[in-house]
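A.B. asks: Mind docking chain B on chain D? Use the hints.
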Amino acid sequence: MARRGSPIEVRNLTKQYGSARAVDDLSFTVEPGRVTGFLGPNGAGKTTTLRSLLGLIRPTSGSATIGGKRYAELDSPLTTVGAALEANSFHPSRSGRGHLAIQAKAAGVPAARVDEVLLRVGLAEAGSRKVGGYSLGMRQRLGLAGALLGDPSVLVLDEPINGLDPEGIRWMRSFLKVLAEEGRTVLISSHLLSEVQQTVDELVIIAKGRLAYQGDLAGLAGETTVTVDAPRRAELQAALAPHAAVQPLPNGLVVTGLDAEQVGAHAFAAGIPLSALSTTASGLEDVFLNLVTGEHTTTAMEGAGR
Amino acid sequence: MTLIRSISAESAKLFGLKTWWILLLVMVAYVGAFAAGMAAIFGGLLGGDQPIEGIAVAELVYSLGSTIAYAFPVLVGAFIVTAEFRHGTLTPTFLATPSRAVVLSGKVVVAAIVGAVFGLGIVLASVVPGAAVLGATGAETGLDDPDVWLIMARTVLAMAIWAVLGLGLGSVFRNQVVVIVIVLAFTQFLEPTLRVALGFTDLNASVGQFLPGAAGDALVGGSSFNAMMGGGGDQLDWWQGGLVLGGMAAVLVLIGALTTWRRDVD
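Residue numbers (UniProt numbering), protein chains in the order written: chain D, 1 to 306; chain B, 1 to 266.
Next up, chain B with everything else stripped away, as it sits in the complex:
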């Protein structure tokens, strides 16, 4: 009962402010433009030899959004916690719900919900312009293929997990600016660099597939990053990727629960 109240309060907190939908709009515009461009390139508008063809083109176009945009749900998840520290609002939160475990659980549920919403945003932003361009160029849209629909469903799941992971990050580091720097540095620079670098040898490639971004890509399927990088590096099965990513999220939330969430509120 208190958990349901906490979920209701936490979702009112998040969805009552502008932050989430501004981030969502930026992400949708970014993913939409990228998907349309990719569909145009691989769909044969440019003619000539294509590295991939057939249904793989549609799968690539539809799954790319999750590869380039997962930082958005991570940040939204992190803000659920960091905003409380930034504005000193944990005091009223804990006065209304003294059990910290209940507050944290409520936040995890809301993070998963908002992550799923971002996942839906990625799916729509990839599929609508992507399918339109692919259809216009005469390439397969893949919309009659169940595998393509599974990619969309797993995108929603992956983004839900990413948002929970972000909440874990926010719980561990607490400071909004620090979390933004970590997320941007890791997702935009460190992980892509590592994945390319580790892809050069077989042993390293098997390590590289356990990086969070690689695990997230594996969960979505469609092998977008690997396809872009010319197939370097191994990739986990989708369910393995899901377990790796979910495990990382769980560990971060647990560390946060044992540290930040036990602290005195001064």
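The shape of chain D in the complex, shown without the other chains:
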């Protein structure tokens, strides 16, 4: 079944809380048909951005729209956008089915959908139990069921993998892939790259409320460094400095922006014999951490070719 989703567009979004800027002039676009990971450490502004998109928070300036419309302007919000935010916004004395039935009434969705989505997320039996007795994983599934209730073409899920057991994580991954393959727009947030690495096609990384990276995983992984050393280390550094970023470390010079062959060629041209030459691919998680702690931001963006 094809459910062609609308793009999510965030334009110059800013949210000020007192003197603190939770989101600072943030712009990015989320395209349909793929899973986009929205990453950043806790406190980076992910939740504020998602809540602004969903009309729960009024931005200080800028906009966040779905198919060009603000959430409040959507004719039928739950059948356009399905969202699951934090996993504890349920009344503990209500059953999962009761919670969904109320959402269905409010959104004008047929009551029969409730059992369909409970079945789809694997809560068919637990649905009649009180939410107060649910595990975090079950509440995540209930949240997802709520998001799917209106069969929306756009899905916005805040930390959907958090709290799932390994079997649940695998289930969620394949589930999100299927939703994207159906043509939907899927945006999922996380504070751990490793958590979503196998799930997402596209990444939006923010730090301190600002965009740090947008692109695919390959672009993020493009970061490799060359470690090189020579007895005449100072001369080697001088020879390489015009061509690349060079950082002296105890075990040699770490060169960013050139590959090993280019480094060797520069050394040869300068007549400096090398004592060591090796390539190190930074782990994705290292690159991610560097990005969100504010170091090497520009380099990584350039490395991604953007």
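Honestly, I wouldn't trust all of these hints.
Coverage of chain B stretches by chain D, computed from C-beta distances (three or more under 8 Å per stretch; other residues unrestricted) [to be verified]:
hint	segment
1	14-26
2	97-111
If you want a taste of the chain D side facing chain B, the calculated C-beta under 10 Å gives, among others [claimed, not checked]:
hint	residue
3	58
4	83
5	89
6	90
7	249
8	252
9	272
Because the hints were derived from the structure by calculation, they are not lab data.
Note that the coordinates shown come from a computational prediction; the quantities given were computed from them, not determined experimentally.
We treat Cβ as the ideally placed atom computed from N, Cα and C, and that holds for glycine.
C.D. replies: Just chain B now, kept in the frame of chain D:
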């Protein structure tokens, strides 16, 4: 259309949990016992001189419930809002119905409905045991008197308004415990004290009749509190009482709409 959906969702929310009928049962037991006791006292079981007689006894017995029990619909109305804050459920509520005005309107309608249900509960809990005791003692039950039936109808209306007022309180204060403390302190202590104290001089008495409880009593009619207090204090006409009480409810809901209902949902 969205309003009708919102009303349907909000009533499912309220009536799907136990809170409302537990409060209703407690209130019915309380009012029923009180009405039977009052009917026995004033109906002449005790003999001797009675401060009031005739149809006034029946009117007093039937209207007392609203005087002693209006805190129940106020609390139920308040819980419609405070429960959302307590459990963080405004997020799914606003996701399904992004217009806050529609959500608030839906809640006001449901508050009025549940308030009317509590009003019916008060009427039944007062009239059934009250009339039985009055009949048994040979006093007039007043059930053939249209004025008595009007008291019952206005009880239902008054409790509907009280529940909306409670919803307004809940919207202004948000916190369930704070609202419970305010409602109990005001209805059980502050207002009764003020009404007695203000009843001592004519000028103050004319102020006292605008207190919410006094306005609510005026709307129901039957002058129960004044009768119990020996007739001290003025009382508004029933429609004036209705306007005063309705006005207070409207102001509280409006303040809530301009403050709480405009806030970001974090």
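A.B. asks: Of the numbered hints stated previously, which ones are contradicted by the structure, given in increasing order?
C.D. replies: 7, 8 and 9
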